[in-house]
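Q: Below, each chain spelled out in residue letters.
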Amino acid sequence: MSDRIASDQSVPSEVFDPEAPDAVPAASVETPTADRHRRWRLIDLWATVGPLAVFIILFALVSILRPAFLGGGGLSIVATQCTAILLVALGQCLVLNVGSIDLSNAAIALFSAILLAKTIGPAGAGGLVLVVVLGAAIGALNGFLVSFFQVPSFALTLGTLGILQTASLIISDKTTVYAAKSGLLTPMFGSAIGGLVSAFWTAVIIAIVLWAMLRFTTLGQSMTAVGLNETGALFSGIRTRAMKIAAFMFSGLLASIAGIMIIAQAGSASSTGLGSDLLLPGITAAIVGGTAITGGITNPINVVFGALTVTLIPVGTAAIGIPSEAQSLVYGLVIIIAVALTISRKRVGVVK
Amino acid sequence: MTKAVTETDSAQAGTPALKLTGITKRFGSVTAVNNVSLEIRRNQVIGLIGENGAGKSTLLKILSGLYEPDAGVMEVHGSAVKFRRPQDAVAAGFGVVHQEQSLLTNLSVAENIAMNALSSKDNATRGGWYRWGQLNKEAEGILAKVGATVDPKAIVGDLSFVDRQMVEIARALRVDEMTGTPPIVILDEPTSVLERNETAILEREIAELKHVGSVIFVSHRLDEVRRICDRIIVMRSGEIVADRATEGVTEDELFQLMIGHAATAKKHDVQARQSGEALLDVSGLSAKGKFKDVSFALPPGHCLAIVGTIGSGREELVRALFGAEPFDSGTITYRGKRLQSWSAVQATRAGIGYVPAERKTEGMVGGLNGPDNMAIARTGKKFFVNPWRERKAGAGWFDTMDVRPRDTRLHLHRFSGGNQQKVVMAKWLKSETLQLLILDHPLRGLDPGAAETVNEKIRGARDGGTAVVLLADTLEEALEMGDTILVMRDGEITASFDLTVDTPTTLDLLEKMV
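Protein chains in written order, with this note's numbering: chain Z, 1 to 352; chain R, 1001 to 1514.
The hints are simulated quantities; they were obtained by calculation from the structure and are not laboratory data. In this text the structure is predicted, and so the values were computed from the model without any measurement. Beta carbons are placed, not taken as given, at the ideal position from N, Cα and C, and that holds for glycine. A portion of the hints provided could be inaccurate.
Claimed, not checked - Calculated from the model, a selection of chain Z residues having no Cβ within reach of chain R, i.e. all distances over 10 Å:
| id | residue |
| --- | --- |
| 1 | V49 |
| 2 | I57 |
| 3 | L61 |
| 4 | S63 |
| 5 | I64 |
| 6 | G74 |
| 7 | G126 |
| 8 | G162 |
| 9 | T186 |
| 10 | A192 |
| 11 | I206 |
| 12 | G267 |
| 13 | P314 |
| 14 | V315 |
Unchecked claim - One-sided and incomplete, this derived list gives chain Z residues near chain R with beta-carbon spacing under 10 Å:
| id | residue |
| --- | --- |
| 15 | S222 |
| 16 | G227 |
| 17 | I297 |
What the hints assert, rightly or not - Facing chain Z, a subset of chain R residues (Cβ under 10 Å, in silico):
| id | residue |
| --- | --- |
| 18 | E1358 |
| 19 | G1366 |
| 20 | L1368 |
Take the sequences, apply the hints, and build the full model.
A: Below, the structure is given as structure tokens:
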């Protein structure tokens, strides 16, 4: 552009570069607009029910191939197994929603589990408070560094991940730490509602609360706006940095609750034991739950189905009797298909 | 200098370096360049001037191979040419120095100069291998030819702006040298970002260039154009309205030719409006390299229009008012309180609304629907929201602003630009605490209907007691909307017109702008 006496955009280029390539014309022509609307309504509908549909289809498939899976409490096994993944995935979906990623939350979960195993004996409920507060604090610190020092979240949380792994090894003395018997946590996996453990229902309730937060509070709406367009959000007067810190803080908090669930389930924790492999399933569950990795699109309730799907695949392949050496192959293929079916494409032209 | 020049000098002395006949370029229903014919002789410097939207940019893009004309003939050194891509223009001897510099700042001067010419014909980079000694020597030679004293090994990012401009010219020349034709160098507003003393260096440079080839010089600084150019071509509304020898042409005459009929302001009647204490009082505000010592006062219910060319610092100034960019010294007093640290968040909460020029990237959240976009600018401390009520309120604003289509679920990025802007306006207008509205090119890219709707709402807000700071698209718009007009040039206020007493013309404004 060289014509810049009073404005910065000359007439021809406006015409040449229309504002939006597929913008709805102002004087709307009836049929194409209606068609386009119908298409978008369908995409909206799929975004709402897709993750549930994918889970149901896979569950039905496993049940048909191995009817015993349905009768033998397959769903309750999946729900039990998926609790920790779900909690980590819920935190992840909030971080993804503000346009960042948290690679450290699985490490926070394990660190919390080990710390809780050490402290629940002497401190009891104090140990629970400690790990939850510490988890939230580590998450908030992640968010603070990401937003104030402009460190890419991918790199920063990879660093935090390493630090936390070392911390876990040190406090566990590289062995399995057994938690003292405590009545505090037994109801989580010791009681069930509708055949599914209380721990799972706890995570589902958290998911519903998060969904409501995103939909019915200024906090949630502001976080979504930050993920969609940070500058636009800032120039609308949103505290963009505070929103990122909040998202990371939630992620840390939920990860520490996942750590509590690990202790409730296994009674012990180690750097290689239960819950040491939550990171990638957690991210995958968020994505299969329809969360956009580009930010601004997520639905915590659908992340529940994402986590169920991600857990069902290995459990189901084993139940069907696929040889163990092929299970990873099946897992990989089904994940690709599930992600392809459910990943949000609503606004992404380019998928990163 | 080159063999080619001497040959053509003797063979076809009378042939113009560039001859355009009936060049026309349309975009949809708009004719950007209409039946343009001109001749540029060798060793001549042509000044190309015109108001914004006059078609200069389009013409330059045709000459540099970015656009193909719809009609007309282009002849270079006597033979007809057709450019299908920029490389064709380069091959024909065109070297373009763009307004936005296109150098790679992390590479050395020599690398940058070689960049455009990377080809098998070039010895220094033949076969894709860099022969560094030769590369630097070639760069040195060409820099000497344009009279620049730049080290070819220097990293471009470390150079001053004028030195970079030199490197750009050297690069353009080198390409031409390789093609063996006398070059036609196009300089697109090369001085708009230069300091005055740097401009002098560039002027000497252009005088040197003249010995080698022809130069098309685009600028808004008419004094400069008159000093540098042999001939001045004036464009208006896509057509050439004047082609004059520089001798005997005055700046006033050029102004007149550029804008045609000068619009005159009508006296503004502000009696009916609320006034009183200044809502916003800016004193000695400066930000290094952007604006300097800016002072003004704005009472509620008034519109302040700021005009200036690009680089005048007016965009940066209004961004500083909103807290989107920092300032170094001076004070902003808002509602009687002096602002210490200032941010967009605080500004919003204090009742300031900002409509940025970059609507898509800064003004809106395209992935949210209309009502949500209106809802995100919050001034209160509310925590819970009622999405149904917000949708209903949003639908009301869709009616008020005549947003088309009236679809409150559709994501905002699917609307046309004008309708997006209506939503962005509504975001601020719906706030009950709004006291100051900062509008950076609010009508950019809007069709006349949408523009009128937006303008009407701006007037409505102003009459309701909201103060408005406006960076208008055109001078006419500034005269129509502004009660006070500030003219900025190179970061400083050069004139201030109070339209309740003065009735300046667009010409008066333009004189202070360039």
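Q: Check each numbered hint from earlier against the structure, then list the numbers of those it violates in ascending order.
A: Per hint list: zero violations.
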